[in-house]
Amino acid sequence: MITVSDKASVYIKDLMVKENHAPNTFVRVGVKGGGCSGLEYVLKFEESEKQEGDQIFEDKGVKIVVQMKSLLYLYGTELDYSDGLNGKGLFFNNPNATRTCSCGESFAV
Numbered sequence: 001m002i003t004v005s006d007k008a009s010v011y012i013k014d015l016m017v018k019e020n021h022a023p024n025t026f027v028r029v030g031v032k033g034g035g036c037s038g039l040e041y042v043l044k045f046e047e048s049e050k051q052e053g054d055q056i057f058e059d060k061g062v063k064i065v066v067q068m069k070s071l072l073y074l075y076g077t078e079l080d081y082s083d084g085l086n087g088k089g090l091f092f093n094n095p096n097a098t099r100t101c102s103c104g105e106s107f108a109v
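The numbers in UniProt numbering rise by one with no breaks, and the one at position 51 of the sequence shown is 51.
Watch out, some of these pointers could steer you wrong.
Said to hold, decoys possible - Here are the computed lysine-lysine pairs in the BS3-like style, where the Cα-Cα straight-line distance is at most 27 Å:
id : residue 1 : residue 2
1  : K32       : K88
2  : K44       : K60
3  : K63       : K44
4  : K88       : K13
5  : K7        : K32
6  : K60       : K88
7  : K18       : K69
8  : K18       : K44
9  : K32       : K69
10 : K60       : K18
11 : K63       : K7
12 : K63       : K50
13 : K63       : K18
14 : K44       : K88
15 : K88       : K7
16 : K7        : K18
17 : K50       : K69
18 : K88       : K18
19 : K32       : K13
20 : K50       : K18
21 : K60       : K7
22 : K60       : K50
23 : K44       : K7
24 : K63       : K13
25 : K63       : K32
26 : K13       : K44
27 : K32       : K44
Since the hints were derived computationally from the structure, they do not count as laboratory data.
Note that the coordinates shown come from a computational prediction; the quantities given were computed from them, not determined experimentally.
Whenever a hint applies, use it, and build me the whole structure from the sequences.
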């Protein structure tokens, strides 16, 4: 399961409205090879059909879709939002990551 913090939920819903996304829009979360730690997070809005192997989660009114192969790396992850001095934006609290890069965009397991 992938969860969404209260702050991330508000941010995502506001962004969907500002960018005029359709009501059926979901957040696709995934993992791909790359980055300085070996794996990179993928995060984007999608309005297309779900694909074979997609797992669907909904938390705090945000629908999240993730491929099963990515879910192996992301299970138990919380999508959070920070608006602090060290950076503004969404980030992943991933309990499976053994190390992360300093920018938080890549990780290793």
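Hint check results:
A distance of roughly 23 Å separates the Cα atoms of K32 and K88; the hinted pair therefore holds under the 27 Å criterion. Between the alpha carbons of K44 and K60 the distance comes to roughly 18 Å, so the proposed pair stays at or under 27 Å and holds. Between K63 and K44, the direct Cα distance comes to roughly 12 Å. Compliance with the 27 Å bound is thereby established for this hinted pair. In summary, the hint linking K88 to K13 is supported, as the alpha carbons are separated by about 16 Å, within the 27 Å threshold.
Among the hinted pairs, K7 with K32 is consistent with the structure: their alpha-carbon atoms are about 26 Å apart, no more than 27 Å. Distance hint between K60 and K88 is fulfilled; the C-alpha atoms sit about 21 Å from each other, no more than 27 Å. Pair hint K18 plus K69 does not hold up; C-alpha atoms about 31 Å apart against a cutoff of 27 Å. The hinted pair formed by K18 and K44 meets the criterion: a straight-line CA distance of about 15 Å does not exceed 27 Å.
A C-alpha spacing of about 10 Å is found between K32 and K69, which places the hinted pair at or below 27 Å, so the restraint holds. Restraint check for K60 and K18: the C-alpha separation of about 19 Å stays at or below 27 Å, so the hint holds. Only pairs whose Cα atoms come within 27 Å are accepted, and K63 paired with K7 is accepted, the gap being roughly 15 Å. As the CA atoms of K63 and K50 are separated by approximately 12 Å, the hinted pair is consistent with the 27 Å bound.
Between K63 and K18 the CA atoms are separated by roughly 17 Å; this keeps the pair inside 27 Å, and the hint holds. Between the alpha carbons of K44 and K88 the distance comes to roughly 17 Å, so the proposed pair stays at or under 27 Å and holds. Among the hinted pairs, K88 with K7 is consistent with the structure: their alpha-carbon atoms are about 12 Å apart, no more than 27 Å. Restraint check for K7 and K18: the C-alpha separation of about 17 Å stays at or below 27 Å, so the hint holds.
For the hint pairing K50 with K69, the CA-to-CA distance comes to about 15 Å; that is within 27 Å, so the pair holds. Straight-line distance between C-alpha atoms of K88 and K18 comes to about 17 Å, which keeps the hinted pair within the 27 Å bound. Between the alpha carbons of K32 and K13 the distance comes to roughly 25 Å, so the proposed pair stays at or under 27 Å and holds. For the proposed pair K50 and K18, the alpha carbon gap of about 23 Å is at most 27 Å, so the pair holds.
At roughly 10 Å between alpha-carbon atoms, K60 and K7 fall within 27 Å of each other, so this suggested pair holds. Distance restraint check for K60 and K50: the Cα-Cα separation of roughly 20 Å lies within the 27 Å cut-off, and the hinted pair is therefore satisfied. Proximity of K44 to K7 is assessed by CA-CA distance (about 18 Å); at most 27 Å being required, the pair is judged to hold. Annotation: proposed proximity of K63 to K13 holds, straight-line Cα distance about 10 Å (limit 27 Å).
Pair hint K63 plus K32 holds up; C-alpha atoms about 21 Å apart against a cutoff of 27 Å. With a CA separation close to 13 Å, the supplied pair K13 and K44 stays within the 27 Å bound. Restraint check for K32 and K44: the C-alpha separation of about 13 Å stays at or below 27 Å, so the hint holds.
Of the numbered hints given earlier, the model fails hint 7 alone.
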